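Novice: Protein chains in written order, with numbering that gives the first Met the number 0: chain A, 0 to 398; chain B, 0 to 600.
Hints are computed from structural coordinates only; laboratory data are not their basis.
Fair warning: this is a prediction, and the values are worked out from it, not measured in the lab.
Ideal placement from N, C-alpha and C gives every residue a C-beta, glycine not left out.
Subject to a maximum C-alpha distance of 30 Å in a straight line, what follows is the list of computed DSBU-like cross-link-like pairs (lysine-lysine):
1. A:K251 / B:K564
2. A:K22 / B:K564
3. B:K221 / B:K320
4. A:K289 / B:K566
5. A:K355 / B:K566
6. A:K321 / A:K373
7. A:K364 / B:K538
8. B:K575 / A:K373
9. A:K118 / A:K251
10. A:K321 / B:K564
11. B:K546 / A:K364
12. A:K373 / B:K564
13. A:K321 / B:K575
14. B:K575 / A:K364
Cβ-Cβ distance ranges computed for the label pairs, FRET-style:
15. A:E335 / B:T304: 34 to 42 Å
16. A:S220 / B:K294: 56 to 64 Å
17. A:G372 / B:E310: 27 to 35 Å
18. A:R241 / B:K566: 25 to 33 Å
Okay, here's what each chain looks like letter by letter:
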Amino acid sequence: MNSYHYSERPIGIYVHIPFCYSKCGYCDFYSLTDLSQKKLVEYIDSLEAEIDLIAETYGSLEVQSIYLGGGTPSILNLECIENIWESLNTKYRINEDAEITMEANPDSIDLKYLREIRKIGINRLSIGVQSLIDEELKLLDRRHDSTQAIKAVREAREAGFGNLSIDVMFGLPSQEIETAVSNVIEAEALGVDHLSLYGLIPEPGTPMREQFERGELPFPSGGDYAEMYLQSSAFLTGKGFRRYEISNFARKGFECRHNLNYWNYGSYLGFGPSAHSALISCEKGEYRVKRFWNYKDLDRYVRRMKKNTTAVEDTEELDSDKIALERLLLRLRMEEGYRFASDDEYYRFMSFDDMKSRIDNLCDKRMLVLEPGKAIRCTDVGFVYADEIIAGISSSLNT
Amino acid sequence: MNTELIRNFSIIAHIDHGKSTLADRMLELTQSITGKMKYSKQMLDDMDLEQERGITIKAHAVRMDYIAKDGNKYILNLIDTPGHVDFSYEVSRSLAACEGALIVVDATQGIEAQTISNLYLALEHDLNIIPVINKIDLPSANVEDVSDSLCELLGIEKSEIIPISAKMGINVDKVLERIITEIPPPKGDKTAPFRGMIFDSVFDTYRGAVPYVRVVDGEISKGDWIEFFANDKTYEVDEIGYLRLKKVPCEKLSAGEVGYIIANIRRVADTKVGDTITLASNPADKPLPGFKDIKPMVFSGIYPTDAEEYEQLRDALDKLKLNDASLIYTPETSAALGFGFRCGFLGLLHMEIIQERLSREFEMSIINTVPNVEYRVTTDGAEPEMISNPVKMPPAGRGVVIEEPFVRANIISPPDFIGNIMKISMDRRGVYRTTEYLSTERALLQFDFPLSEIIFDFYDKLKTMTRGYGSLDYDYIGYRQSDLVRLDLLINGDPVDALCNIVHRDKAHDYGKRVNSKLRELIPRQMFEVVIQSAIGNKIVSREVVKPLRKNVTAKCYGGDITRKRKLLERQREGKRRMKTVGKIDIPQEAFLAVLKIDET
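Generate the whole structure from the sequences, applying the supplied hints.
Specialist: Given below as structure tokens:
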């Protein structure tokens, strides 16, 4: 059936829900605004078919986290959510204490809805607040205002969500450092357990990118951008949050287990159009990694499922170089940093061309911390240059 | 073989003046090419590179049978000559193998400096010259003016010039007849001990080095044992023959003939152009005159881009050396570039050819340092030392005398541009000698230059300053003392050996400034400030700064799509890997060569 012993550790499951009331200019995730009954029904039917099909292939795996993302999952009515939950619950062994997250937008939820999904089994909510300034929300094409955002957080608590996260963005066009930081201060004041702090980037292929290229969007300078990040980050850690990953902050025990599984090189299955999966095993320090992902096309996805075939667009089995690169990339974005499994690995790593001088240099400049024999990790300022640091170190990596 | 029925000749022409086309027509008229063989446009140039660059890099020879109007069947040996100043010694040997030469001038372009230099060489060897004006079919042909120049230059009557169009086949038959009537048959003593002059040598993977020879005296047969004057080895002749478009074996070659010798000779370096071959059983007492052990004029460090490919690079150079005796190389190390080789070349074109062959034939990715000439350095009256790597140059000081190679250059141009030529020549430390008028439209200027000043981009500059009309040729004339200094390049205070150069003291500041600003453009911003300085000893002569990188937080959620983020990183990493880390700074590899291309203005 397959040669991966990925089932040793419980896996994560991601479900992509590709529907939105409207598209935001910055977003490059796959979603549609055609919310007709026909489309929704086709989607749910196909999703159930895919869940069954994959279970036939890989068996009834043990699951430690589920994440309903999008798109806007809170567009789905309770019946749909229940159907998805039922399918997953029938085909996979979901742990008693599994983390079950759903993304939600403030404009598409109310107290009743929240109570119901809580009852179904969703135990973590991630609300797309983004900003608490109305002009900024308009600029981002969001459908909610700050009042709705505040209400959504309050109602989520009322509905019984003891594990609550919000997304906040910084680095918006024309944004001042003070505005960005005060946004984070207000967001924290809402009393959440987890906060994802994302820098806004005009990704290729988005309307915002086009505007940016026409010179219409005055993004903050690199220095300001860094200031926003460093000051916000300092504020949150001062309030008792831990920055466990470059853009994720949590109170103790509230780290997102689903995302940690991605970064810690655990296996996961993704369902729905554009969803990504990874099957990863590790034996005696030797990783084997297979990644595959579905077409970013709902109609095609539906056709495939009607024929009872997978909707996989492409598969890659990683060689050791790519694996080393991914681990470095993921781990250096985490607070713990890149950890060496053994002295042996440490000495091998440090003996690559230029590696030692590169790392010494970064340590001299207080960008990186080297714990000899144990780990390398980015400092606070190092996170600001994370891309550059990771690219530099990876260029010395000779696998 | 009756030597009365042999004619040995060369064609002297500037690049693109139609030498190869004329050769092809002659091959057709003498039925040396059959229909099937007309696949390649120009028959004599058989290396890819040669065809692309439109120049014949290595001389070849071809034998044609021609029935003349007098009813006799003649053997015509066309000995081709390389068309670039880097190979002027080879040209002189090819000409020495002939009794006559066609001088071919493009009717639309006029006489170029290269043609005149080669013409002088031909006259030195007492060759009979047949003047030919080509491309008379083109609307822009100016046969009258070009004829005037040729008459002036050669002291001949207009009626002696053959106007032709090689492309259209006009008057090519006349050229063949004139070869018979005007070029004398070869002289030579068939009974004397065998002497053959090597005018070229090619390498055959299966049969080793194959010298092409002009037999001057005596004769040679298969099975003879041969010796060379320039080395003391002895070889048994496996095969001899003459050259059509392919090798044709024959029983013997005798005085006056042109052919090849196969004798299991391992390296082309053992069959030096200009050397004399004789028989071991009955050796001649003296070699033929004119042999020179040619020395490289231009030096450059060649390093593998990937340090692990050092061994492969050495193998590749070893293989190139097998069929290119003029390439020399010795191992060297650079703090910036690692292990590599200091290579010597005949000139810049030769260097570029080697670089291209390394990349095309051996798929090597290399970095080469700025080329330089070889300096003669005398410290405190001690024995002079030859220095070909700038890093080895002692710091300027009392008691250090530095000499550099000089050349005598002939520049031909319409008189309108004399002012411009004077200016660029003075900028290049040229010492003006004379001006002569070849015709009212063409002036010949002579200068002495330090070789280092004209070797790189002087010709391009000259072309620009004369709207394409100017042409250049030069001859090596010896070493002269100059006020030269070693200019070090420092990055954040650390000298980068691979970017060190020797320059004239008066130019050090300007040169340093240009190199620094070029590097400033090429070195990407890094996490820290990068200071680029040029220095003579402890004295900083110029300085540039690369500002630090803007901060680049990219805190973005990428969900389960790790692939995309990894691919982005792979691209970034590739970019980084194309750089060399010098003193903790990433320097793109282009930077090492870009220093060559710095603009003067």
